[in-house]
Amino acid sequence: MARRSKVVADFDAAVADIPDGATIAIGGFAQPGVPFNLVAALGRQGAKRLTCIANTTGGAHKPRMPDIGMLVENGQVAKVVCSFTAGTRASDVLPFTPYYERGEVDAEIVPQGTLAERLRAAGAGIPAFYTPTAVGTELAEGRETRVINGREYLLEYALPVDVALLRAHQADEAGNLRFRRSQRNFNPLMAMAAKLVLVEVEQPILPAGAIDPDDVHTPGILVHRLVQVPPPPDGIWPMKREAR
Amino acid sequence: MARRSKVVADFDAAVADIPDGATIAIGGFAQPGVPFNLVAALGRQGAKRLTCIANTTGGAHKPRMPDIGMLVENGQVAKVVCSFTAGTRASDVLPFTPYYERGEVDAEIVPQGTLAERLRAAGAGIPAFYTPTAVGTELAEGRETRVINGREYLLEYALPVDVALLRAHQADEAGNLRFRRSQRNFNPLMAMAAKLVLVEVEQPILPAGAIDPDDVHTPGILVHRLVQVPPPPDGIWPMKREAR
Amino acid sequence: MPWSRQQMAERLAREFQDGWIVNLGVGMPTLIADVPLGEREVIFHSENGVIGYGPVTPPGQEDLHLVNAGGQNVTLLPGAAIVHHADSFALIRGGRMDVTVMGAYEAAANGDFANWKVKGAKGGGIGGAMDLAASAKRVFLMMEHRTRDGSPRLLQRCTLPITARGVVTLVATDLGLFAPTGEGFAVRDLAPGATLDEARAATACPVSD
Amino acid sequence: MPWSRQQMAERLAREFQDGWIVNLGVGMPTLIADVPLGEREVIFHSENGVIGYGPVTPPGQEDLHLVNAGGQNVTLLPGAAIVHHADSFALIRGGRMDVTVMGAYEAAANGDFANWKVKGAKGGGIGGAMDLAASAKRVFLMMEHRTRDGSPRLLQRCTLPITARGVVTLVATDLGLFAPTGEGFAVRDLAPGATLDEARAATACPVSD
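Protein chains in written order, with the numbering used here: chain U, 1 to 244; chain A, 1 to 244; chain S, 1 to 209; chain L, 1 to 209.
Any given hint could be a false lead.
[Unchecked claim] The calculated EDC-like cross-link candidates involving lysine to aspartate or glutamate, where the alpha carbons are at most 16 Å apart (straight line), are:
1) S:K122 x A:D20
2) S:K122 x A:D92
3) A:K240 x S:D63
4) U:K240 x L:D63
5) L:K122 x U:D20
6) U:K48 x U:D20
7) S:K119 x A:E138
8) S:K122 x A:D106
9) L:K122 x U:E138
10) L:K122 x U:D92
11) U:K240 x L:D98
12) L:K119 x U:D106
13) A:K48 x A:D20
14) L:K122 x U:E101
15) S:K119 x A:E101
16) S:K122 x A:E138
17) A:K195 x L:E62
18) S:K122 x A:E101
19) L:K122 x U:D162
20) S:K122 x A:E108
Quick caveat, the hints were computed from the structure, so don't treat them as lab data.
These figures come from a predicted structure and were not determined experimentally.
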């Protein structure tokens with residue numbers, strides 16, 4: 001199974017065939033695990049009317065890093081699906097905010113655990129599940145709930161993805177991935193949920209077999225294309241956030 | 001968080017407080033990952049009216065290893081929940097079979113993937129989910145189904161567990177576990193599903209911090225008691241199956 | 001000359017396309033992991049979370065921590081990965097299996113099949129069969145064309161409790177390779193010396209050329 | 001002398017029992033990870049899958065791969081483990097959090113609270129708050145007792161969209177520690193110099209001793 005390598009030449013090649021209207025999932029929580037280089041490449045590629053799924057739309061912190069907000073500013077986004085559609089402080093104005101307030105971009109706000117579980121469900125062939133999260137809140141208004149063993153639960157549906165943009169620490173040519181520390185976050189779930197999985201990799205890509213099978217975080221059969229992140233300034237790497 | 005060790009003296013101490021009527025999940029698929037020593041200890045301990053969850057009731061192969069069938073023969077089991085309640089060959093007669101046929105033990109047969117997902121759901125606070133598995137079969141008769149995006153799905157409920165008996169390859173004193181090769185199987189899911197998690201460990205138990213946090217398969221906060229498996233003949237280890 | 005089990009395995013393996021993820025069930029299908037595929041490269045998945053395994057381990061070299069779905073000790077190929085049961089069946093239900101190959105008691109013209117419960121039994125053995133049958137892109141069966149007492153196993157409708165509805169793609173038997181058509185089975189290939197008439201006589205529903 | 005944020009953190013940390021799994025939210029609650037607990041041992045969980053983290057990393061020693069829920073670079077303690085987001089929220093919904101500590105805009109006598117959407121905003125920031133609020137064994141809030149313009153934040157009923165119904169266990173404010181009773185709030189502790197009357201004046205529902 002090791003004969004074919006999944007390594008592609010560069011970020012632009014990796015994202016070249018993403019079509020208009022695609023649903024894109026973007027890994028990461030804060031900076032760790034965000035595929036900065038693939039997001040930047042998607043900006044250059046220019047696909048339109050995208051639905052973008054990530055924890056946040058980004059841009060609440062400095063330095064500014066490639067994020068959904070950048071794709072919004074670039075006119076590429078029809079809708080976002082995020083657990084934050086505003087900043088964590090009332091005073092935050094995200095790059096996304098004015099577009100959303102003017103109605104130029106749609107948004108679905110989803111509790112973070114529900115977002116993770118809906119992505120997993122899409123990858124796991126589970127079309128819907130019940131969760132206690134958001135019961136009794138504005139998010140549950142008009143939606144189906146069900147009492148099971150005396151507790152009320154909300155019905156949630158799988159969230160399938162066309163293309164996942166991920167960032168991993170290590171990969172082998174068969175596509176097996178390892179994430180470092182909190183870089184893992186949504187990345188393995190988006191790999192499960194997506195039809196096409198593109199990964200930027202921090203370390204030199206290893207020959208198949210170099211990662212012990214017990215140590216694989218995301219199995220290679222879920223991964224389609226790998227690009228090694230070059231050192232800065234050619235590659236984009238996490239940076240220390242400025243205090244605020 | 002490393003001050004307290006979860007290591008207990010021996011298998012008998014680990015299982016001492018399992019009450020009559022408990023729901024017990026037993027890890028393993030074929031031999032890898034089966035907690036032979038904890039099952040044997042539960043036999044000695046003698047708790048009655050148990051509900052036992054595992055992939056099979058065991059006993060289809062030689063040499064015979066500690067399994068649910070042994071607990072059934074010992075008069076300890078009220079019900080089993082398994083993906084096999086008969087052997088894989090029509091000619092197989094499992095130790096469990098005559099008790100089941102006489103109605104002395106009840107059984108719920110569950111497709112293997114549904115069994116895994118129901119255990120995960122119990123651990124994940126998901127009370128119920130939909131699956132395509134078993135739709136249109138005898139198992140779905142009289143049960144609730146639902147059409148989602150044009151396909152029919154069966155409603156399945158979480159399968160919570162009182163006590164999980166697991167076998168791991170490595171553990172640290174904080175309870176973090178690593179499994180080797182196909183030993184992993186149901187073990188991490190049963191750890192999620194159970195209120196009390198008992199683990200027999202093949203290698204000497206490591207100090208907390210000796211397993212890299214990226215390499216943990218089951219986080220220690222799910223694990224309560226660890227016992228190191230002694231070398232044979234005191235400890236029970238996987239053996240090569242006889243051909244048949 | 002009817003096909004041997006080895007020949008049935010080889011015939012089904014000819015259908016595999018380069019790059020497929022292939023799940024092999026317990027029993028006869030395990031033979032397929034050893035069939036040479038030439039230039040084609042497939043990845044074998046086992047329901048217990050083993051992705052990328054190879055042939056059965058030579059005697060004396062077994063790794064007792066590593067088994068396939070049939071409990072045989074197998075080898076791992078470079079690029080293999082291990083996942084737990086929930087993730088393994090996530091791959092299955094998630095539609096990642098290009099094909100699953102299983103044994104069966106009965107296969108029917110409407111694509112139903114039965115492989116988990118024998119007549120009169122209390123209890124059965126489902127294992128991963130229902131998950132695989134419901135969600136793999138293709139379901140290949142490997143089975144004897146007739147029971148030991150000569151009754152057909154390829155039927156208009158299954159008489160045993162089914163494993164899944166309308167999912168069978170191909171059936172390899174000792175007599176040949178067959179595809180359910182709704183009304184009966186279409187012959188895709190015949191074992192050397194087997195005839196269409198012989199296949200028709202051994203089948204309880206129409207067999208077309 | 002009202003409590004400082006540090007004192008609110010210390011007061012809530014006094015409630016922690018030995019062996020608890022403690023989830024800390026964004027903002028003020030992150031202060032709690034640095035409070036000395038003496039003989040008590042708790043494990044800090046962060047929604048992004050970090051189990052067993054310690055204090056914020058000293059400047060210059062940050063590991064940019066490792067953040068807590070607030071995006072701060074933190075350290076790991078011996079016995080730490082990393083899981084992905086679905087497993088992290090499995091732990092949360094599965095009832096493994098003995099307590100979650102969050103910031104809030106409003107808390108109500110009936111145990112409701114609001115911390116994800118401000119008045120008139122289009123959009124909000126839920127993060128993991130709704131999952132944690134619905135499923136943690138206890139919900140502790142850390143908040144200013146009044147808004148910047150002096151309006152009470154402890155109310156009979158929330159005016160903002162709520163995060164979860166009836167889940168609040170304790171509320172630490174600059175004036176003291178309060179527990180919702182259904183009809184109002186019971187004082188558990190007062191900041192030095194704060195009086196019951198002062199707390200009553202600052203609260204929009206009954207405050208009992």
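In rising order, the numbers of the hints this structure does not comply with: 1, 5, 11, 12, 17, 19
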